[in-house]
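Participant: Going line by line, the protein sequences match chains H and D. For the record, in the first sequence the residue sitting at position 253 is 253 according to this note's numbering, with numbers rising by one throughout. Whatever position you read off the second sequence (first residue = 1), add 291 for this note's numbering.
Mixed in with the good hints there might be a few duds.
A few chain H residues that don't get close to chain D, going by computed Cβ distances all over 12 Å [unchecked claim]:
#1 Val107
#2 Gly157
#3 Arg169
#4 Leu279
#5 Phe286
Here are the in silico distance ranges between beta carbons for each label pair [stated by the list, open to error]:
#6 Asp584/D x Glu176/H: 49 to 59 Å
#7 Glu176/H x Arg416/D: 49 to 59 Å
#8 Phe184/H x Ala641/D: 55 to 65 Å
#9 Pro541/D x Ser167/H: 37 to 47 Å
#10 Glu518/D x Ala260/H: 25 to 35 Å
#11 Asp584/D x Leu7/H: 17 to 27 Å
#12 Asp492/D x Pro137/H: 21 to 31 Å
#13 Asp492/D x Ala160/H: 57 to 67 Å
#14 Gln407/D x Phe93/H: 21 to 31 Å
#15 Asp584/D x Gly60/H: 27 to 37 Å
#16 Asp718/D x Pro72/H: 32 to 42 Å
#17 Pro72/H x Pro541/D: 34 to 44 Å
#18 Asp529/D x Pro137/H: 53 to 63 Å
Reference listing, derived: stretches of chain H covered by chain D, where coverage requires no fewer than 3 residues with Cβ under 8 Å from a Cβ of chain D [as the list claims (entries may be wrong)]:
#19 4-15
#20 123-134
Keep in mind the hints are simulated off the structure, nothing from the lab. Don't be surprised by glycine CBs; every beta carbon is placed ideally from N, CA and C.
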Amino acid sequence: MTIQTILQAGIAGALTGGLYALMALGLTLTWGMLRVINLAHFALILVSAYLTFELATRAGLDPLLTVVVTAPLLFLAGAGLQWAFDRFALTEFNSLLVTFGLLIVVVQLVSNYWSADFQRMSAEVNPYATQSLRLGPFAFPTPRLLAVVAAVVLVGGTHAWLQRTYSGRALRAFAEDRTIAAAFGIDHVRLGALLGGVAGATAAVAGMLIAVDRPLTPSSPFEWFGIVFAVVILGGIGNVVGTLLAGIVVGALAGVVSVAWSPSTAPLVIFSLIIVALLVRPRGIFVRGGT
Amino acid sequence: MNNRSSVLRAGAATTVVALLLAACNQGAATTSPSETNAAASSAPPAASVDAGSPSPAAPSGELIVVGSTLSLTGAFAATGAIHKIVGEQFVARLNADGGLLGRPVEWTVQDDESDQAKVAQLYERLISQDGVDLIMGPYATPNILSAMAVAERHGYVLPQHTAVIAPLLTYDCQFPAWSIGYEPNVYVPTQLYEAVATLPDPPATVAFATNQNGSTDFVSRGLPDDETDPDARSIARDMGLEIVADIQYPPGTTEWAPIATQLQQADPDLIVNNSLGVDTVGLIQAMKQLNYDPPLTFSLFPAPGPLLGLGADAEGVLSVSIFEPNDAILAQYGPEVTTIVEEYETAATAAGLPYTAFETQATASWNAWEILVAGVEGAGNLEQDAICDALHANGADTTFSGNLAFDPAQNNFWPSNQGLKQIQDGDWVMVYPSDRAAGTIRPVGN
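Isolated chain D, as found in the complex:
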């Protein structure tokens, strides 16, 4: 048999199968949601539902197309899946509630494969070739920065879910759905140290294990070109904590024994693991393998499900959160939020996600869509300049985070409502600050 033609046939067959699978994995979300507007307040907003009002008219007229990319494959796909589900849920409810400006909405999602370069190409295509009316940001900070450059070049408004390094997001018409204020490198550690100071036996020593990813490293070390920028370490010293270890590791680290060994030797009262994904899972596992019981541990941006899977070994782990579906929290929000949470859980279960709680990522996603809708409704049309101006003038009322006010001087980052959550009795529970908590912070072993 001719070798070249054999290879070509084999390669062609493989390519066709790969393309078919990629097509099966993509999808444009067009189902029907109904939107809720929250009352503007700093307390958990009450969802406004008028049970007596007539059903809204079905949307009609020309389709409004929202384009975006998400990481449906690759390193960020685990969280990309959450944003896809939330987006589909939101658009479905929006269309069931009369659409946007009375028109039906379609969301077209491209898979950026967690690749920054592909993000830029895809957004360029969505805007220039496909001519989408609106865009929504992708997931993960590097991808959002890529999309932001394209959006700015074309003057498109970019609501974005999860990029929180405010100094990097300089485009006037990007609108963050998750805010840790203009200085996350100050907000996060300050809140953490204040929270643990309320424990009966507050920590006196702290060890840092920092993923060198931009988002996490920024919290530990501040701006790279500004040594005077406060960070988690300088704030720890200012608040009287002694630093006994300061370890950095590259993204993608899977070998935790060396870091665990150093932490065991340092024996801190508090471990601050500014990290992503399953880093803290690997770290706790490695510490247990050394017969070292981890002290109080903070994990910055963990994948929430795998940490719960550690069972008793993860009890007491702290992290950040803008929303947890605890019963006490849901009771503050009202029945509409409970419905949103339950609908998401059903969809996530059907999608086979191992962790189906509607928490921080899903909340940020919902906020982003509400920002987009608020902008369009405030403008009364689809002109990007008008949408941007409307958001600056009026802000956005959101179901989960209340009224968001966008100040260009703060790169549109609004005063944060982020709190702390802790694993208690096998579940994540909001514990700080007390006015947004469903429980109180506990020491490890309690």
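Chain H on its own, in the form it takes in the complex:
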């Protein structure tokens, strides 16, 4: 086992962490700002992945460009969902149950239309899957590199929006104290729909990169739960920058442990460390004053 091997595994893992962060971004936004644990977010990622496959395979669109179609669609879907959650006045716990049901419905619909079999864009349609950027002895796989870049851009943009714009500050005020925010005239329904739409758009980007990176199967969302929730919680619920950092740390750690010990040990080590980290800093390791 050489240092280069370990470093390469860490680099690849960190890039994978960018994809985790991208998947977690929408979830942490709606959970932190709106108190909605939206498991249907995974359904939006799944739909985006399959739409990417469909548009690239049947319509001949470059897979990366499919986001031009899917992002607006899923923005609308996300906004519509959030409007519905507000309409039915779902509490945090109830949102978990209802959105899980929605996820099951979407998984079934996807299976009915695209079948339960693995779907994968062929090499002719998707040249990015086996490409990488070389820097010295190290390789940066293209799909994961794009995921990190997208995660940085979207996290940066979302952070700036929440910190520097009226609507962002209004959302943060609403998250802090709903009653006082309403008294100040903050329209949480419209803002919530906007945030839901943004979360949907991030799901579109995540789904596109998943389709570029790996074969698809309708049951894929159930593989994502554990790691994405771990990233959200470790980064601090609602903390978008923390989510990015947590994703990269978790991914890099998983990669290093996989080569230093074994791939079967990695989940044990990762989730044990997460438990310890949350015992020490229960609000997230990247949250200021996280105890």
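Given chain H's structure and the hints, the job is docking chain D onto it.
Facilitator: The following block gives chain D in isolation, referenced to the frame of chain H:
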């Protein structure tokens, strides 16, 4: 608005939609096939079709109900779909050919959602409450083991498609449709190493990447509680191969970069990826991302379609097979087999499956149904004991695998006819052994 009633309405609406969708996705297959009996031989059996005989009488009388579960949703659904199509095709042809004992056959399938616990519950219901006449096994080894326990408790004969870990299948009346002999952990690696030894420049070093799923891990490591049990690694050493890496990974792994990195460092002549599904796709992709051209690679139980989708990067990948619809193979079998293959392809295309070739999974499924029919016809009735005894006494003649002889001392596992296939020019081609091959094994880059 009252929050509790809002939630209840929303939850109820979601539940209703989910149930409707689940109902749409299930189906009982009752259409009409015609069965063919193969001549008993070790060479590819010739389908017997008497063009001059009159059409068989339509089946009449009381329905014979065959019950089973399949993974129509969940992790195993990709392959469950294949077994559903084959089962429907077989039952349709069976009914068109006069049914079973002259009676029409209906197949009722429940979705076990790839969940072992649900398999047991559903088979218990099929037998105890629904009172089905016969049962057919589910897909995937964990589910088959679950069903086997129920079948044994009720004394039902269980033909099963794909569980090949013979030592685990101890029920006398389970009958395997796919056999890798009593010791797959010896058969598979021995055949592989013998095959690659015929290459102009045979591999000298080997690396293992093993999915820790029971079926695949068994081939790499043998029985878990018996260190003397031969396995792919010990046989490799015995045959003069040097092991340069031995990596295990958990089922559900999607991050291949760490494994690919280790394989790149080890730089073997042969990679043995005892794996399932799309593992090898991810592994080859990760190796290419590292600018590492994979050496000769063996994939144990891959989903065949996605590997072909890798294009040139997957050329030369080897795997196991009991049947491939290559022209040379079909020519050996005859026109009836060609018809079966084409009918399946049509149905699979209509079902939206991305890979529609009638290959190992479909063949095992067809075998299983022929075993069931052979047992019932041999017994002359639907008594489970009589069916089981008939299969032990007479075996089963199958279209694709010839005569199957079931020896309880071998847990009914018959001498294997499994060979090797290789991706050549973008398609899977049978390459070993030579008497059942449509091509010859090639080195990578040829």
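Participant: Please go over all the hints and tell whether each is borne out by the structure.
Facilitator: Outcome of the hint check:
1. Residue placement check: Val107/H does not keep its beta carbon more than 12 Å from all beta carbons of chain D (closest about 8 Å).
2. For Gly157/H, the requirement that its beta carbon stay farther than 12 Å from each beta carbon of chain D is met, with the minimum near 27 Å.
3. Residue placement check: Arg169/H keeps its beta carbon more than 12 Å from all beta carbons of chain D (closest about 28 Å).
4. Every C-beta of chain D lies more than 12 Å from that of Leu279/H, the closest at about 25 Å, which supports listing it as non-interface.
5. For Phe286/H, the requirement that its beta carbon stay farther than 12 Å from each beta carbon of chain D is met, with the minimum near 22 Å.
6. Separation of Asp584/D from Glu176/H is about 56 Å and conforms to the stated range, judged on CB atoms against 49 to 59 Å.
7. Between Glu176/H and Arg416/D the beta carbons are some 52 Å apart, a value that agrees with the proposed interval 49 to 59 Å.
8. Between Phe184/H and Ala641/D the Cβ separation comes to about 59 Å, which falls inside the hinted range of 55 to 65 Å.
9. Roughly 44 Å separates the CB atoms of Pro541/D and Ser167/H, a value that falls within the hinted 37 to 47 Å.
10. A beta carbon spacing of about 26 Å between Glu518/D and Ala260/H agrees with the range 25 to 35 Å that was offered as a hint.
11. Here the CB-CB span from Asp584/D to Leu7/H is close to 22 Å, well matched to the stated 17 to 27 Å.
12. Range check, Asp492/D to Pro137/H: Cβ separation about 28 Å, and the 21 to 31 Å hint holds.
13. The supplied range of 57 to 67 Å is met by Asp492/D and Ala160/H, whose beta-carbon atoms lie about 59 Å from each other.
14. Restraint check, Gln407/D to Phe93/H: a C-beta distance of roughly 29 Å satisfies the suggested window 21 to 31 Å.
15. The hinted window of 27 to 37 Å between Asp584/D and Gly60/H holds, with their beta carbons roughly 29 Å apart.
16. Against the hinted window of 32 to 42 Å, the Cβ-Cβ separation of Asp718/D and Pro72/H comes to about 40 Å, which satisfies the hint.
17. Here the CB-CB span from Pro72/H to Pro541/D is close to 38 Å, well matched to the stated 34 to 44 Å.
18. In this structure, Asp529/D and Pro137/H break the distance hint of 53 to 63 Å, their C-beta atoms being roughly 37 Å apart.
19. Counting residues of the stretch 4-15 of chain H whose CB lies closer than 8 Å to any CB of chain D gives 5, so the stated coverage by that chain holds, three being the minimum.
20. Chain D is given as covering the stretch 123-134 of chain H, and this holds because 7 residues of the stretch bring a CB closer than 8 Å to a CB of that chain, at least three being needed.
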